[in-house]
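Novice: Just so you know, the sequences run in chain order A and B.
Going left to right, the first sequence walks through residues 0 to 129 as numbering that gives the first Met the number 0 numbers them.
Going left to right, the second sequence walks through residues 0 to 681 as numbering that gives the first Met the number 0 numbers them.
Honestly, I wouldn't trust all of these hints.
[Claimed, not checked] The calculated label-pair distances, taken between Cβ atoms and stated as ranges, are:
#1 A/71 - B/326: 35 to 45 Å
#2 B/38 - A/63: 45 to 55 Å
#3 A/74 - B/664: 51 to 61 Å
#4 B/356 - A/71: 12 to 22 Å
#5 A/89 - B/6: 30 to 40 Å
#6 A/63 - B/6: 24 to 34 Å
#7 B/335 - A/67: 19 to 29 Å
#8 B/284 - A/89: 32 to 42 Å
#9 B/245 - A/104: 34 to 44 Å
[Stated by the list, open to error] Below 25 Å or equal to it, Euclidean Cα-Cα: the simulated DMTMM-like pairs (lysine to aspartate or glutamate) are:
#10 B/599 - B/484
#11 B/132 - A/112
#12 B/569 - B/343
#13 B/33 - B/494
#14 B/240 - B/469
#15 B/257 - A/112
These aren't lab readings, by the way, just hints derived from the structure by calculation.
Idealized CB from N, CA, C, for every residue including glycine.
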Amino acid sequence: MTMPTDPIPLPLPASSAPVLDDAGAAAQRQLAVLGARSRHWQRTRRLSFVLLALWLAATFCSVFFARELAALSLFGWPLSFYLAAQGTALVYLAIVGAYAAGVHHFDRRYARELGPGAAHEGKTARGETP
Amino acid sequence: MIAARARFARLSRHYLYFTGCFGAFLLALAILEKQGMPRVWIGYLFMFATIVLYAAIGVFSRTSNVSEYYVAGRRVPALFNGMATAADWISAASFISLAGGLYLRGFDGLAYIMGWTGGYCLVALLIAPYLRKFAQYTIPDFLAARYAGGAGGRGTPVRLMAVGATIIVSFTYVVAQIYAVGLIASRFTGVDFSVGIFLGLASILVCSFLGGMRAITWTQVAQYIIILVAFLIPTMWLSAKHADNPLPHVAYGAVLPKLAAREAQLASDPKELAVRAIFTQRADAYAQRIKALPASWEAGRLDILRELDAVRRRAGSLIDIRATERRLAAYPKTADEAARLWADLQAANLARALPPEPHATPFPGPDREQSDSRRNNFLALVFCLMLGTAALPHILMRSYTTPSVRETRVSVFWTLFFILLVYLSIPALAVMVKYDIYTQLVGSEFSHLPNWVSYWASVDKQNPLIAIADINRDGIVQLAEIAIDGDVLVLATPEIGGLPYVISGLVAAGGLAAALSTADGLLLAISNALSHDVYYKVVDPAASTQKRVTISKLLLLAVAFSAAYVASQKPADILSLVGAAFSLAGSTLFPALVLGVFWKRANHIGALAGMVSGFAVCTYYMLHTHPILGGSAAGQWFHIAPISAGVFGVPAGMAVLVAVSLLTRAPDALSNSFIDHIRAPE
């Protein structure tokens, strides 16, 4: 078991990267990690907000305009019934899938940005790509 | 990496064997039934075989290692974690009552389908990956680490508040699950209700007591497979019967127009109108009696007394005397009680005097305003269920069990996928059973009622699951003469579709699996909150790991027995409040969880204030509007039903959290680096 069991693990400062030759290189390395992390977080956050907006729109529109949409029909279903019973749920599944795929993509980009010989954060992320 | 693949392959092999064996078991029972094995034996065999199976998995996965006990060693592959979470999620209510709810409520019922699936978007995007990156054991753990304040900066106040919310929410929920276990066991095997409860309890305990999260996970995967098979077989059968297509999700589009045509026909059928007119008359009679209170109460009592006298004087049969005495005993004791009882009866009769609502039409109502109100309630309920889903501790807890953050994200996808396999066929089942009943049962003769009607009518004498009375005495069943309880729908589907009794037993086993899997997860959530968060983190931080696991197991026993005790009392009020648990969970935990990740400025005092006020607003609204809690519909804001109290609670909790955080000191550097850590990629 490599899991920390007891007290709350202190957040890993970036300086816990492997010891480097001299102080200057270490500082540079730290900056690179911090920069890559913040870009990764910005991408993740943007993706989350876009997908959440989609989630909200799908939910709200299919309910709020249900009476108007009921006039349309899709393979025998009134459109609003189809959306509430299946359509939005499938959109939700797509949202969760897109998020998992998107952030996985960001993780790989993060590992690439740190380049070869990256710190342990980079290694784990790359090690997990199948 | 290679080890993980080998593990995955081994697990897949095990569960494929399991599915094969289960199929063989079904086949063997089907053959035995053909040979004339009595029904009750099939019921027994299903109950005991599945319960023994769950217990056996528990025994094989027993452990006393802390990490194994609390988070299954964080080795559960995404696909299997998804299956286990789906079983955790699909409760007795989803399996048994949801299809019935859709049958009775038509379009309105779909709010549950949307709400209970859409919540996973919030879980996936806002909470689960960050919990996994944090990599501890419980939800209160996360909140206490993020909002580290209070004595020694250990976040104890926030932790205790979160523990309180976890317990209140999960306990209401677990009581309902155990109640369902008792019901299913007693209906299918004829054992007493409380015996049924303790049978179910035994299997829950062997499993979670011995192996904690690890045993629960592997049992839940098996339970999911049983749930899926049990739900899909009868639904596909009905689908093939009514739409010539065994894929219910695709096929019921063809049944909907036929159902709509039949509904229109029944709405204006003269015999239906006659039955509804009789119900209107009955309602009017009650209205008259209520108006004439208290004289009418006195007169009614005297009538019965006089009748009793008459029966006794003419030395009527003992049965007649008993019947009259029972009527006297059931008669309201006071004029006030009579007013309440008669008002209920008036409402019930009025409800049955209404024409059936078209199933697929959204928000039917006499005028635009009432229709709008139904739409708003639908929206409010959808959002409450979603926010509640994203704050239920027993679901969130499962995101700790995967090997990596990436696998957690994938695991939420699989969870939703496996939930949808069942959920997308629930509306299909409701439509097809409705079509079956509207076309086959309605219009048939009373002398030739199908067997399932008489069987399910006699199962529970006090609250019959289905009651058909010849109101207009024409010998033919009218739709308005059928009173059906939603719960019977799934349980009776195999018989409605004309399937052998084996499938009925399978459905019962599926319902049992749904209830047991959810109860397992909930009990573990409660006992972990008590043992890990209260005992280890607050009372005795120096406790050895051995002691922590032992305490956790003892607490699990205690919680399980108290839940079973409460369930055996058949508490109607608790059962009707289960839906409210979602609002309560959302209002209390959701703002603190989400803002904790996405807003660095949120601090300890803000979180406490937010949790308290979310909880308070939600509880206040329920107390003021829920009839069971002594409120009334008059206290509603914007005509929103009490079950959706979360639409006020969550924004209130968010607003207070933000306001109080901004008014008090910003969190320190430690808290900032904590947030950076959970946001950072692995």
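Novice: Now, for every hint given, state plainly whether the structure supports it.
Specialist: Checked hints:
{"no.": "1", "hint": "A/71 - B/326: 35 to 45 Å", "verdict": "violated, 55 Å"}
{"no.": "2", "hint": "B/38 - A/63: 45 to 55 Å", "verdict": "holds, 49 Å"}
{"no.": "3", "hint": "A/74 - B/664: 51 to 61 Å", "verdict": "holds, 59 Å"}
{"no.": "4", "hint": "B/356 - A/71: 12 to 22 Å", "verdict": "holds, 21 Å"}
{"no.": "5", "hint": "A/89 - B/6: 30 to 40 Å", "verdict": "holds, 31 Å"}
{"no.": "6", "hint": "A/63 - B/6: 24 to 34 Å", "verdict": "violated, 47 Å"}
{"no.": "7", "hint": "B/335 - A/67: 19 to 29 Å", "verdict": "violated, 47 Å"}
{"no.": "8", "hint": "B/284 - A/89: 32 to 42 Å", "verdict": "violated, 50 Å"}
{"no.": "9", "hint": "B/245 - A/104: 34 to 44 Å", "verdict": "holds, 38 Å"}
{"no.": "10", "hint": "B/599 - B/484", "verdict": "violated, 50 Å"}
{"no.": "11", "hint": "B/132 - A/112", "verdict": "holds, 21 Å"}
{"no.": "12", "hint": "B/569 - B/343", "verdict": "holds, 21 Å"}
{"no.": "13", "hint": "B/33 - B/494", "verdict": "holds, 16 Å"}
{"no.": "14", "hint": "B/240 - B/469", "verdict": "violated, 29 Å"}
{"no.": "15", "hint": "B/257 - A/112", "verdict": "violated, 59 Å"}
Hints 1, 6, 7, 8, 10, 14 and 15 from the earlier list are contradicted by this structure; the remaining hints agree with it.
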